[in-house]
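Protein chains in written order, with my numbering: chain A, 3 to 266; chain B, 3 to 266; chain C, 3 to 266; chain D, 3 to 266.
Keep in mind the hints are simulated off the structure, nothing from the lab.
Be aware that a few hints might be false.
[Said to hold, decoys possible] With a straight-line Cα cutoff of 20 Å, these simulated EDC-like cross-link-like pairs (lysine to aspartate or glutamate) come out:
1. A:Lys116 x B:Glu91
2. C:Lys116 x D:Asp171
3. B:Lys95 x B:Asp72
4. A:Lys117 x B:Asp171
There are 4 protein chains.
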Amino acid sequence: MPSAPIRVTVWGENVHEHKNETVKKIYPHGMHNVIADGLREVLGDRVVVKTATLDLPEHGLPPEVLDNTDVLTWWGHAAHGKVEDAVVERVHKRVLAGMGLLVLHSGHYSKIFKKLMGTGCGLKWREAGERERLWCVNPGHPIADGLGEYFELPHTEMYGEFFDIPQPDELVFISWFEGGEVFRSGCTWQRGKGRVFYFRPGHETFPIYYDANVRRVIANGVQWAAPTQGSPYALAAPNIKTPLSPIQSSHVADESLHEHQRKG
Amino acid sequence: MPSAPIRVTVWGENVHEHKNETVKKIYPHGMHNVIADGLREVLGDRVVVKTATLDLPEHGLPPEVLDNTDVLTWWGHAAHGKVEDAVVERVHKRVLAGMGLLVLHSGHYSKIFKKLMGTGCGLKWREAGERERLWCVNPGHPIADGLGEYFELPHTEMYGEFFDIPQPDELVFISWFEGGEVFRSGCTWQRGKGRVFYFRPGHETFPIYYDANVRRVIANGVQWAAPTQGSPYALAAPNIKTPLSPIQSSHVADESLHEHQRKG
Amino acid sequence: MPSAPIRVTVWGENVHEHKNETVKKIYPHGMHNVIADGLREVLGDRVVVKTATLDLPEHGLPPEVLDNTDVLTWWGHAAHGKVEDAVVERVHKRVLAGMGLLVLHSGHYSKIFKKLMGTGCGLKWREAGERERLWCVNPGHPIADGLGEYFELPHTEMYGEFFDIPQPDELVFISWFEGGEVFRSGCTWQRGKGRVFYFRPGHETFPIYYDANVRRVIANGVQWAAPTQGSPYALAAPNIKTPLSPIQSSHVADESLHEHQRKG
Amino acid sequence: MPSAPIRVTVWGENVHEHKNETVKKIYPHGMHNVIADGLREVLGDRVVVKTATLDLPEHGLPPEVLDNTDVLTWWGHAAHGKVEDAVVERVHKRVLAGMGLLVLHSGHYSKIFKKLMGTGCGLKWREAGERERLWCVNPGHPIADGLGEYFELPHTEMYGEFFDIPQPDELVFISWFEGGEVFRSGCTWQRGKGRVFYFRPGHETFPIYYDANVRRVIANGVQWAAPTQGSPYALAAPNIKTPLSPIQSSHVADESLHEHQRKG
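Chain A with its partners taken away, still in its complex shape:
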């Protein structure tokens, strides 16, 4: 059974890349293209990867794009507030209907992540270019496929606890930072039929998305988040008038009231 390739849309805010010289040098064609290249490198013909950015009409995410996306990856930072609510609603509905979502690094404060989590999604941060070590705490998880017990990133922005998220369904990585903090860096949640994976690394001023381990995790995450068939799901509250099994104790509310009054 040769499966169809996973259709991935890599969404990038693509703002820092035009404003900051350091970022421009690291990601001359935008972070989104480097993330997309990483997926192609690791997964080959198991994926078909397209990109979309904030500046496009509907941020590059009109219904026909989302309807043909199995997994969406999201990187944003400077312009979360510029993402239109209508697009956020559309992405939200697609996730509930089964589309996978990978939220990367500063995407923790994106509208879509906050909407799916229901919490504040804040965290601590420091830009000191310090060492990070990501420890795997779930060695049987497919997102950890092919990784060691831990992997290192020599220079990163620090994210520290408390990370204001609902307790993850599965915790896959915990980061150690040289400056003294820890962080839940790889977290999964189910929302409706969709799977959500948050992965911490990725600051714009460091070449994180060229790192082989980071690319592997993102590729694993895409494969893990790709929709399965599952069973029926609907965003609705249907009235089921005909019972599946016979009801013998049924009666109308007024009788119920009388019974109550007799008792009370």
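The hints should help you fit chains B, C and D onto chain A, whose structure is shown.
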């Protein structure tokens, strides 16, 4: 150490009670007052209970009320859309800061519950006055205190799966319905520092909130959801400039870039 | 990337089939062979299925069999106590090392299931040949692939709550029984690198393992439980003498003691 | 409602204290007595604390002691294998029946913890007297009451991931170690009606159990783990012959067989 009483605000939409003769007969002073009486009956001086309704200014939930509420209970059905977004935001922030929230019955479709869950919160339903049996699947949970293995409600509105919620942190009750469905009827989640308990029973045309077992569960839920001190929590993303431990590998982004270019 | 077929061993106690006329008629070649046939029917060349039974040396589960098993399914009932502890230990280690395990029906009381759960694993039961309806409460789960919102079994043994298990990592199915009980019928847990799926249906006096939906769930379960590569895992507590990062505050215990005495 | 004091039994292996000069100096009367003193210091008359040690008959845990224990704390290291299986069974049954259990530090490898977890419970370790910083990742949890965002221990034995436990029901603390590792240091699980809390700090050659924050966490843990009433629980599998609701589709197994044969 005599604890201070738990300050409870019982919020009621209070719409059906004015429009529907059956509901008016069962709850002549509104459902919220019967829920409040139930809490006073079970918990005595361990609670101080007030009520608030949709028709009041700010729906009876101005900052000074919420700031002095330990646990809020929420019943709404016909007028979810009339609840102002500003009040929903305020309640949301208070839950994250530690206020407990009990969402009752048709409150599953309230703005505040959907915002905290991040999912669609739909379900199946049928009004046939059928028998419901709530089974305890977590006998060590304080919300099950003093209950039997199960308890029955002779005539209820049915709610059926799939209930579109994130998997509960703890599942306490599962309902059996005569007509053939099941439902996760008692579910808990942590959001920020606040605890959320969803409890299913409570249709307006049946005298559910006079039932001794239902009153016991709601009272247990209030005690469980009351805030504990915990540790610090903030809705923020602070920049921690000074590391707690010395950083030796720090360097500026440009160097990082150079290193990358040397490698790449 | 054509994956290798999943190597499944279907373990059957195979006692009732020789003692009870009803069971003999339904399963003339043993339940294990019908379960194995079901897997072959649904999964074709995606699986290679073998069987093993209690009466064989080492119950058919010597190291060379387990080492070449990706997923083991377990049905036992009358002779849990006759399963040798050494074999249980061996299976346990293989699960922690990544082998998937499907525990079926009365296997809830098997030594291996109790050892993996850490709880009593008791439940209620009734043999009245009543109707069961299994509702899916996790429509995005791969174990629910291709199923409806629910499926029915016309005549079953009832299992009722409280089912004495640790809260499942994921709850996939809840059963409704005609006689009034509910049951968490499809439950998953991770143990070490291995995945465990408990699936309720399967009483020996009803032809449950011929049912198309049951066969589909078991086949889905096998695919879900098949090992992934993951990251390193060891049943050990290694001493890591050389730190990964420099330690500056190190000192010997006696100094620590002195410091304490100065303080205390 | 003045609650009765929580009856705590502090169990200590009490072997190192007699063999190692450093340990003897730090804990001249045994670690168990210092842990007990800490509980009395923090909780005053809210607890009644007794101790028990390995060398006593039945390790100081005969039925009449366990039956009158609300919460048991467990520290062992050098002599896990000397704890009698019959005592482990007795403690296990008491936990399932509702007794709280705090497992401290090297107790991760005790028979009772492994039996309750169902996994290998291994971890990495290093004795370098390095700095540990425990971060709270669940600020609304009662076990974090009164603590800061983190607290430090200047000199500790390191425990590192992968810690081979089932994913905790709730993760409260994550440790950062100076040498580069992280660890899930405060974890909770429900087993039967009993609550289990694992708390990492406590190496015998450092005066950990005199630390004010450690004492606070253990005291919070005892309060959290104290039994609640809950609903009925039994270590049994009762046959429920009389259904709660009428069964119409009942029939004997032979008919079921015939039906199957007609179909098949």
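Evaluation of the provided hints:
Note on lysine 116 (chain A) and glutamate 91 (chain B): the hinted pairing holds, with a Cα-Cα distance of about 13 Å set against a maximum of 20 Å. A hinted pair counts as satisfied when its Cα atoms are at most 20 Å apart, and lysine 116 (chain C) with aspartate 171 (chain D) qualifies at roughly 19 Å. Distance restraint check for lysine 95 (chain B) and aspartate 72 (chain B): the Cα-Cα separation of roughly 13 Å lies within the 20 Å cut-off, and the hinted pair is therefore satisfied. For a cut-off of 20 Å, the pair hint linking lysine 117 (chain A) to aspartate 171 (chain B) stands: about 19 Å separates their Cα positions.
Figure legend: structure checked against the earlier numbered hints; every hint is met.
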